[in-house]
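2 protein chains.
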Amino acid sequence: MALIRSAFQDELDGVSRTLVELSKTVAELINDSTKALLGADLQLAEEVISSDDAVDEKQHELDARIIDIIARQQPVASDLRALITALRMSADLERMGDMAHHIAKITRLRYPNCAVPAELTKTFIEIGRVAEAIALKTGAVIETRNTDMAIEVEKDDDAMDQLHRDLISTLLSKESSYGVETAIDLTLVGRYYERYADHAVSVARRVYFLVTGEYFD
Amino acid sequence: MALIRSAFQDELDGVSRTLVELSKTVAELINDSTKALLGADLQLAEEVISSDDAVDEKQHELDARIIDIIARQQPVASDLRALITALRMSADLERMGDMAHHIAKITRLRYPNCAVPAELTKTFIEIGRVAEAIALKTGAVIETRNTDMAIEVEKDDDAMDQLHRDLISTLLSKESSYGVETAIDLTLVGRYYERYADHAVSVARRVYFLVTGEYFD
Numbered sequence: 008m009a010l011i012r013s014a015f016q017d018e019l020d021g022v023s024r025t026l027v028e029l030s031k032t033v034a035e036l037i038n039d040s041t042k043a044l045l046g047a048d049l050q051l052a053e054e055v056i057s058s059d060d061a062v063d064e065k066q067h068e069l070d071a072r073i074i075d076i077i078a079r080q081q082p083v084a085s086d087l088r089a090l091i092t093a094l095r096m097s098a099d100l101e102r103m104g105d106m107a108h109h110i111a112k113i114t115r116l117r118y119p120n121c122a123v124p125a126e127l128t129k130t131f132i133e134i135g136r137v138a139e140a141i142a143l144k145t146g147a148v149i150e151t152r153n154t155d156m157a158i159e160v161e162k163d164d165d166a167m168d169q170l171h172r173d174l175i176s177t178l179l180s181k182e183s184s185y186g187v188e189t190a191i192d193l194t195l196v197g198r199y200y201e202r203y204a205d206h207a208v209s210v211a212r213r214v215y216f217l218v219t220g221e222y223f224d
Numbered sequence: 008m009a010l011i012r013s014a015f016q017d018e019l020d021g022v023s024r025t026l027v028e029l030s031k032t033v034a035e036l037i038n039d040s041t042k043a044l045l046g047a048d049l050q051l052a053e054e055v056i057s058s059d060d061a062v063d064e065k066q067h068e069l070d071a072r073i074i075d076i077i078a079r080q081q082p083v084a085s086d087l088r089a090l091i092t093a094l095r096m097s098a099d100l101e102r103m104g105d106m107a108h109h110i111a112k113i114t115r116l117r118y119p120n121c122a123v124p125a126e127l128t129k130t131f132i133e134i135g136r137v138a139e140a141i142a143l144k145t146g147a148v149i150e151t152r153n154t155d156m157a158i159e160v161e162k163d164d165d166a167m168d169q170l171h172r173d174l175i176s177t178l179l180s181k182e183s184s185y186g187v188e189t190a191i192d193l194t195l196v197g198r199y200y201e202r203y204a205d206h207a208v209s210v211a212r213r214v215y216f217l218v219t220g221e222y223f224d
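Residue numbers (this note's numbering), protein chains in the order written: chain A, 8 to 224; chain B, 8 to 224.
Note that these hints are calculated values from the structure, not bench results. Possibly wrong hints are sitting among the right ones.
It does not matter which identical chain is meant; a pair holds if it fits inside one copy or across any two.
Stated by the list, open to error - Simulated crosslink set (SDA-like; lysine to any residue; CA at most 20 angstroms straight-line): (1) K144 - T25; (2) K65 - Y222; (3) K112 - D168; (4) K42 - R136; (5) K112 - R172; (6) K162 - D173; (7) K112 - R198; (8) K181 - R117; (9) K65 - R95; (10) K144 - E28; (11) K65 - E221; (12) K112 - R202; (13) K112 - L179; (14) K112 - S58; (15) K112 - D173.
Since we're looking at a predicted model, the values are computed, not measured.
Chain A with its partners taken away, still in its complex shape (with noise of 0.2 angstroms):
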């Protein structure tokens, strides 16, 4: 019985390992997407369009495998609320994949120009920075159930959200002169930035309740 429950938790600790993986996939992803934004990187943002595809197979692998252990080994509550969880935080771990796949379909669109105004540069390489940020200590959160640290990417989507909102009060601003296009395309690229950034929150609060029973605010 010893032996057999140390197996499932090796499989279990492989779970977790693939979410890591995934953490610093979708993190490479926007990193990449940024850079192909700003630099109207034609060919980086083709690479992260057809790199989505592996994220998506890798999720679908990883969610087979997960239903497959719960299958198997017919595990206690709250072993299978763990499992139940890995396939959720899987699903978030997609959902940023696709936002960056997004950021890079407008960089093509746009291409040969750049989406984004020179006087803008700045706000995106932050921006970036801090979803990027976020994909990581999400990983990391996910690898050692560190709760502090959970808190820490709530804090770090607060100031996602703060420069989202700067973003759309800079398109709004009368000194600023940005034609409806840009407005529009702006406006999704913040928003794809922000809800990258969400779903790594969500990651983070589904290991907080894992460990702690409980949520935080």
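With the hints as your guide, set chain B onto chain A.
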């Protein structure tokens, strides 16, 4: 054994019924959020915003019930897959409620003004109509497991995507003189309706897969 099996079947049917109820609720919510949006109806917008909590609560209750069924019944692989799929459908339906909520928040933000210029009223009536119809059809798909109807949901979503593309074109057209604020608002509102329909398609696809073991394109 036959008796236990039948009680289990009752539980599965109960899950399905709750999913159908949720689909009806989110169909009403999108209908109300469209009415509030076009009529700049603050009270109705507030109702949509507060109703979303009830959807979230219903989803959490359903998810807890599903996980409890899995833990108690230790279902065979096919039933387990159906229950995991139900969890995913409930997440999709909950997100549809969020989209209605987001639309209502834009209505509230612009009150007493209307976020939609008069000449775009017809477009949003149509977008709202398609969204509500998709949600109701998705409920019927869950209830009947009719795979032809599941494919129809995908087709209805093509109509939504076309409406969304037309909206963006209209915002971008040289003849239109919408300001940046309207462009930002309607880009977001359009995106929320589009995502609402995407989640409905996701539910229909999941039912199709459960019934046939295959995905449709």
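Consistency of the hints with the structure:
For a Cα distance limit of 20 angstroms, the shortest separation of K144 from T25 inside one copy, 15 angstroms, qualifies, whereas the shortest one across copies, 37 angstroms, does not. With identical chains, the CA atoms of K65 and Y222 are at most 20 angstroms apart between copies only, with a shortest distance of 18 angstroms across copies and 28 angstroms within one. Taking the closest pair of Cα atoms, K112 and D168 come within 20 angstroms of each other only across two copies (16 angstroms); inside a single copy the shortest separation is 23 angstroms, beyond that limit. Taking the shortest Cα distances, K42 and R136 sit within 20 angstroms of each other inside one copy (10 angstroms), while across copies they are farther apart (40 angstroms).
When the C-alpha separation of K112 and R172 is checked against a cutoff of 20 angstroms, the pair qualifies only between copies, where the shortest distance is 15 angstroms, while the shortest distance within a copy is 23 angstroms. With identical chains, the CA atoms of K162 and D173 are at most 20 angstroms apart within one copy only, with a shortest distance of 17 angstroms there and 38 angstroms across copies. Taking identical chains as interchangeable, the C-alpha atoms of K112 and R198 lie at most 20 angstroms apart whether they share a chain (14 angstroms) or sit on different chains (15 angstroms). Taking the shortest Cα distances, K181 and R117 sit within 20 angstroms of each other only across copies (18 angstroms), while inside one copy they are farther apart (25 angstroms).
Proximity of K65 and R95 under a CA criterion of 20 angstroms is satisfied in both settings, with 14 angstroms inside one chain copy and 18 angstroms between copies. In this assembly of identical chains, K144 and E28 lie within 20 angstroms of each other by CA distance solely inside one copy; the values are 12 angstroms within and 38 angstroms between copies. In this assembly of identical chains, K65 and E221 lie within 20 angstroms of each other by CA distance solely across copies; the values are 19 angstroms between and 30 angstroms within a copy. Within a single copy, K112 and R202 get their C-alpha atoms as close as 16 angstroms, and across copies as close as 17 angstroms, so both meet the 20 angstroms cut-off.
In the homo-oligomer, the alpha carbons of K112 and L179 lie at most 20 angstroms apart only across protomers (18 angstroms), although the nearest pairing inside one protomer, at 24 angstroms, exceeds that limit. Taking the shortest alpha-carbon separations for K112 and S58, only the intra-copy value of 13 angstroms comes in at or below 20 angstroms, while the best inter-copy value is 35 angstroms. For the homomeric pair K112 and D173, the shortest alpha-carbon distance between copies (19 angstroms) is at most 20 angstroms, but the shortest distance inside one copy (23 angstroms) is not.
Of the numbered hints stated above, none is contradicted by the structure.
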